[in-house]
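Okay, here's what each chain looks like letter by letter:
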Amino acid sequence: MSSILVFCSVQDGRIKRSSLEAMSRAREVASEAGLSLSAAILGSESGNLSSEAMSYGAEQVFTVSNPVLDSHLNAPALSALESIIREASPRMMVAASTESVKDILGALAIRCDAAVLPDVATFEMSGNQVACQRPVMAAKKLASTSSAHPLVFVSVRSGSYEASRSPVSGTVTDVPFSFDDATLRQALREVVTTASDTVDLSEARVVVSAGRGVRDESGRALVQELADITGAAIGASRAVVETGLFPATAQIGQTGKVVSPDLYFAVGISGAVQHTAGMANSRIIVAINKDADAPIFDIATYGLVGDCFTILPLLNAALKEAKD
Amino acid sequence: MKFCVCIKQVPDVQAAVQTGRMVLNAYDASAVEEALVLNAENGDPVDLVLVGPSTATETIRKALAMGATDATHLVAEDGGEADSHSIAALLASHFEGHEYDVILTGKQSQDSDAGLAGAMLAERLSLPYATNAVGLAVEGNKLVVTRQGDSGQEIIALETPCLVTCSNDMNNPRIPALKGIMAAKRKQIATEHVAAPSARTAHSGTVDPPGREPGIKLEGEPEDIVADLVRRLDTEAGVL
Amino acid sequence: MEEKFDCIIVGGGIAGLSAAMTLAKANARFLLIERGEFCGAKNVSGGVLWGSDLARLVPEYWEEDGGFERFVSHRRLTFMDEQSAFSVDFKSDHFKETPYTGVTVLRAVFDEWLAGKVQEAIDASAHPDESFLATDILVEEVVQEDGRVTGIRAGDEVFHADCVIIAEGVNNLLTRQIELEKEYVPGDHVAVGVKEVLKLDEARLADRFQLNGRSGLTNEFVGACSEGVEGGGFLYTNKDSISLGLVLGMNDLRDKGKTPYDVLNSFKEHPVVADMIRDAETVEYSAHVVSTGDIKGMPSEIYADGVMIAGEAAHLLLNAGKAIQGMDYAMRSGILAAETVVEAKKANDFSSRMLGNYRKALESSYVLQDMKSFQQAVHLLHRQEMFSTVPNLICDFGRQFFTIDGKPTPKASAMMRAAIKRHASYWDLVKLGLKGAKAL
Ligand SMILES: Cc1cc2nc3c(=O)[nH]c(=O)nc-3n(C[C@H](O)[C@H](O)[C@H](O)COP(=O)(O)OP(=O)(O)OC[C@H]3O[C@@H](n4cnc5c(N)ncnc54)[C@H](O)[C@@H]3O)c2cc1C
Ligand SMILES: Cc1cc2nc3c(=O)[nH]c(=O)nc-3n(C[C@H](O)[C@H](O)[C@H](O)COP(=O)(O)OP(=O)(O)OC[C@H]3O[C@@H](n4cnc5c(N)ncnc54)[C@H](O)[C@@H]3O)c2cc1C
Ligand SMILES: Nc1ncnc2c1ncn2[C@@H]1O[C@H](COP(=O)(O)O)[C@@H](O)[C@H]1O
Numbered sequence: 001m002s003s004i005l006v007f008c009s010v011q012d013g014r015i016k017r018s019s020l021e022a023m024s025r026a027r028e029v030a031s032e033a034g035l036s037l038s039a040a041i042l043g044s045e046s047g048n049l050s051s052e053a054m055s056y057g058a059e060q061v062f063t064v065s066n067p068v069l070d071s072h073l074n075a076p077a078l079s080a081l082e083s084i085i086r087e088a089s090p091r092m093m094v095a096a097s098t099e100s101v102k103d104i105l106g107a108l109a110i111r112c113d114a115a116v117l118p119d120v121a122t123f124e125m126s127g128n129q130v131a132c133q134r135p136v137m138a139a140k141k142l143a144s145t146s147s148a149h150p151l152v153f154v155s156v157r158s159g160s161y162e163a164s165r166s167p168v169s170g171t172v173t174d175v176p177f178s179f180d181d182a183t184l185r186q187a188l189r190e191v192v193t194t195a196s197d198t199v200d201l202s203e204a205r206v207v208v209s210a211g212r213g214v215r216d217e218s219g220r221a222l223v224q225e226l227a228d229i230t231g232a233a234i235g236a237s238r239a240v241v242e243t244g245l246f247p248a249t250a251q252i253g254q255t256g257k258v259v260s261p262d263l264y265f266a267v268g269i270s271g272a273v274q275h276t277a278g279m280a281n282s283r284i285i286v287a288i289n290k291d292a293d294a295p296i297f298d299i300a301t302y303g304l305v306g307d308c309f310t311i312l313p314l315l316n317a318a319l320k321e322a323k324d
Numbered sequence: 001m002k003f004c005v006c007i008k009q010v011p012d013v014q015a016a017v018q019t020g021r022m023v024l025n026a027y028d029a030s031a032v033e034e035a036l037v038l039n040a041e042n043g044d045p046v047d048l049v050l051v052g053p054s055t056a057t058e059t060i061r062k063a064l065a066m067g068a069t070d071a072t073h074l075v076a077e078d079g080g081e082a083d084s085h086s087i088a089a090l091l092a093s094h095f096e097g098h099e100y101d102v103i104l105t106g107k108q109s110q111d112s113d114a115g116l117a118g119a120m121l122a123e124r125l126s127l128p129y130a131t132n133a134v135g136l137a138v139e140g141n142k143l144v145v146t147r148q149g150d151s152g153q154e155i156i157a158l159e160t161p162c163l164v165t166c167s168n169d170m171n172n173p174r175i176p177a178l179k180g181i182m183a184a185k186r187k188q189i190a191t192e193h194v195a196a197p198s199a200r201t202a203h204s205g206t207v208d209p210p211g212r213e214p215g216i217k218l219e220g221e222p223e224d225i226v227a228d229l230v231r232r233l234d235t236e237a238g239v240l
Numbered sequence: 001m002e003e004k005f006d007c008i009i010v011g012g013g014i015a016g017l018s019a020a021m022t023l024a025k026a027n028a029r030f031l032l033i034e035r036g037e038f039c040g041a042k043n044v045s046g047g048v049l050w051g052s053d054l055a056r057l058v059p060e061y062w063e064e065d066g067g068f069e070r071f072v073s074h075r076r077l078t079f080m081d082e083q084s085a086f087s088v089d090f091k092s093d094h095f096k097e098t099p100y101t102g103v104t105v106l107r108a109v110f111d112e113w114l115a116g117k118v119q120e121a122i123d124a125s126a127h128p129d130e131s132f133l134a135t136d137i138l139v140e141e142v143v144q145e146d147g148r149v150t151g152i153r154a155g156d157e158v159f160h161a162d163c164v165i166i167a168e169g170v171n172n173l174l175t176r177q178i179e180l181e182k183e184y185v186p187g188d189h190v191a192v193g194v195k196e197v198l199k200l201d202e203a204r205l206a207d208r209f210q211l212n213g214r215s216g217l218t219n220e221f222v223g224a225c226s227e228g229v230e231g232g233g234f235l236y237t238n239k240d241s242i243s244l245g246l247v248l249g250m251n252d253l254r255d256k257g258k259t260p261y262d263v264l265n266s267f268k269e270h271p272v273v274a275d276m277i278r279d280a281e282t283v284e285y286s287a288h289v290v291s292t293g294d295i296k297g298m299p300s301e302i303y304a305d306g307v308m309i310a311g312e313a314a315h316l317l318l319n320a321g322k323a324i325q326g327m328d329y330a331m332r333s334g335i336l337a338a339e340t341v342v343e344a345k346k347a348n349d350f351s352s353r354m355l356g357n358y359r360k361a362l363e364s365s366y367v368l369q370d371m372k373s374f375q376q377a378v379h380l381l382h383r384q385e386m387f388s389t390v391p392n393l394i395c396d397f398g399r400q401f402f403t404i405d406g407k408p409t410p411k412a413s414a415m416m417r418a419a420i421k422r423h424a425s426y427w428d429l430v431k432l433g434l435k436g437a438k439a440l
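Residue numbers (my numbering), protein chains in the order written: chain A, 1 to 324; chain B, 1 to 240; chain C, 1 to 440.
It is possible that some hints are incorrect.
Said to hold, decoys possible - Computed cross-link-like contacts, DMTMM-like style, restricted to lysine to aspartate or glutamate with a CA-CA straight-line distance of at most 25 Å:
| # | chain 1 | residue 1 | chain 2 | residue 2 |
| --- | --- | --- | --- | --- |
| 1 | B | LYS142 | A | GLU190 |
| 2 | B | LYS217 | A | GLU190 |
| 3 | B | LYS217 | A | ASP293 |
Derived by calculation from the structure, the hints in this document are not laboratory data.
Start from the sequences, fold in the hints, and give me the full structure.
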């Protein structure tokens, strides 16, 4: 029986939630289409994560464990996935739309002769086609795109589906893999991270996002305090990342990350389409902006018109009180 | 180093009303800018290639006006059906006849947000590549790429020839000066008619995304609106 | 590479592009510089281009899509009080014939379309590589040598030409820089225009406004549209959208402490307007200064050695109540300035004596003739009565005239007397009426 293969991204020894979301959807699609569900996990810890993949319904888990796969380089990851795809020969490969997946999807499609539906909001099988809806034009439109190619890769925007368990007892196949380091024409020099880089924005249920209105260190402290009180991850607009006040990893939007938390605070963010492209699917959006005509208010559930340097201290105090 | 930048003409996504106005893909503009900066001292060429209808000449001129050296226009009149796959195939055959140290593309198209053509092209040309670059530096015959990864910035050295896809977070592209605009207009653009190979995906139209429920704007004394918000977050929204 | 152009045009609005088209057709070598990212990027008009000069620049433009939204075949002037509207309405098939005498346009589309036509004309001219349309560049200075204008400076680039046409629009900083206009333009010579574009499905739009094919409606409003602020409103139909806006006195707005945005919102909520824009979605909001058309606002002179001022930079505009004419004046003045360049080039004389022919041509055209003969109407329009008493009175009369309520109906003249009694004194009204008759 042919399968849907879910490529699981791993961070800090866990399968990323966005991968589990994609896997949960893939499970539904597979069962409707009479396909089996399998998973692919790369890296030296891949073996330990097989059971987690099975608890989300993977009947077969393909692993490749080789230290070179922990190196952030795309060439080994490409070869490893290629080996798994040759072994599993799935109908479809589904992955979360993370940066490392985006890094390899195009090249892998050429190598495995696949079609790609990237960064989708929904996907399904209909007849012999894989069909999806994906945001285009900085998420101002939803496009319907499909492919009848024999092998289709789909990458899924985080937050598009709920992650839900459905345990099965599956099998693990360790796919043989050797990689000749001498063929590498690339070398990782360094990974530069800051403390906040380790928080996965796309997994956070609450995001506090800062814009250019949060102009300085004191503004950053207020945002940090709000994030601490609400247990939020910190996001940022491009304009404020440019000032150096927040790390680039925090950038949300067309160039940055896509988030869809339950609660999103947009502090001092104007609401340019390229920013809203990354957060418009948040369930509740609270906007704080001193300009009553700022476009962010068009999508905000609650819009507070005022200076964030006045509002945030009050809000932080009120939320603290409400929590106690 | 000898650079070639793949540039695309896209609709102006920022415009409130779509008037059919076309612009240079912002990510590609950043790629052009970066190549110009890297070659500013040594005078090595920064060439361009674009696949698109004949009306896309305007976009090529815009990038030439920034200071690029030469441009090739692969004229595909009906590009409506093309996807990243077909574009990468066309670009690959162009590069088979041209030697470059570095090929740059944008990290994605502003209109389709696909983000595939760069890596597809690299694979077709068997080049080492890096995506989502936010910084480039030349070191001997290596290109050192700073790319924005999932958690932090990865610094990767690529052997040339190589391909890199560029983020607009890399720089702010220059606005062409008058002299550049005039010089660009006098440049010959090599044109070649091509037919796009068939796409692997099909597009069946767009719809407006589901609209959000209209929200509530709270205006007034800061104390009052904050109290109101906290109450609503608790009782209405249930997120506290 | 020092090149000297026949002419440099500052501003790619209507005046600048009209001048450029004229120059391209005359095989002149010119440089047009526009500061917007593209021509039309930030330009605002209510949206009716009156007259038929466009057909002179682009013959048979109506065969093309970009050149206009709708041609005007239905005109309406509406007096409003809080609840009512009394309209003078004229519709005629006569207006269907080309060349049209009025078309609605959206500037972001129209200006860019016209720029494209100019580029085509350059390509077809004798010097396709020696004339340029350059956007995204701000002219910071008009360069003068020995008291005559010789070029422009943008950033650190200087370019020279035999003459410069300044077509920079109403915020005429360069005109002031060369001291043809006083540093501070009095507030009563300028107004604030605010405008929204509201999207409405083409079929519904046609049904709602009884449009047929590309025919369109223009509606001006006087009275309760402006919350007591001096000014008036407009509604114009485009292909699949409505342009709705107000022109409001700058000083009066300030005196009454209102923002144009608030006034526009209350205009949109007026029951009469609300019915016209129901379900239409606002897709664009813009605000722009606009000249009141007071001749006293004009520069002290519109030409000097090596320079001419065209369009609204020269405060060429007429707003005498029945329409705003700024774009057609910009077009005609741009054409006339360019024609003067062509003449001057033949004579190789760009002195102020020669360029004075531009003024002469404007004087004998409808532009300056109409501006002069309708000055009184312009002033009358700014009187408090015109946006309060008069529309109230007219609506009051209308309400009586059109009410049938089972009581004996008075004669119309008695109704009029009653309405006047409630809103104004006879004597003031007679004076106003006489003024009006003289002004129009
Ligand atoms: C191709 C492309 C991709 C892009 N990708 C992204 C992306 O991924 N993410 C992204 O964010 N942007 C992106 N941008 C940039 C985007 O267009 C905007 O420029 C950016 O989002 C603006 O950030 P901002 O809202 O913080 O700044 P601004 O637009 O400057 O807005 C600042 C806001 O803060 C308000 N403010 C100021 N002071 C205060 C105060 N004291 N209290 C309260 N409010 C205050 C102001 O009223 C204003 O609304 C992209 C652009 C391009 C061209
Ligand atoms: C709300 C509103 C409604 C209106 N309705 C109508 C109407 O219905 N009908 C009508 O005929 N008129 C109308 N007008 C008036 C009309 O818009 C103007 O009179 C007309 O646009 C003037 O044309 P112009 O070419 O002189 O100036 P503009 O259209 O203002 O063009 C000037 C150009 O010069 C550029 N520029 C300025 N300075 C520089 C510089 N230093 N360097 C480079 N470029 C520069 C500007 O970016 C601009 O593109 C309306 C105006 C407003 C505000
Ligand atoms: N028609 C085209 N001509 C030249 N380059 C293109 C074209 N389409 C895409 N590209 C390049 O591929 C990048 C985007 O890839 P994608 O998002 O897959 O369309 C762009 O930033 C360009 O560098």
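Hints versus structure:
1. For the proposed pair LYS142 of chain B and GLU190 of chain A, the alpha carbon gap of about 16 Å is at most 25 Å, so the pair holds.
2. The straight-line distance between the Cα atoms of LYS217 of chain B and GLU190 of chain A is roughly 46 Å, outside the 25 Å bound, and the hint therefore fails.
3. Proximity of LYS217 of chain B to ASP293 of chain A is assessed by CA-CA distance (about 11 Å); at most 25 Å being required, the pair is judged to hold.
Going down the numbered hints, you'll see the structure goes against just number 2.
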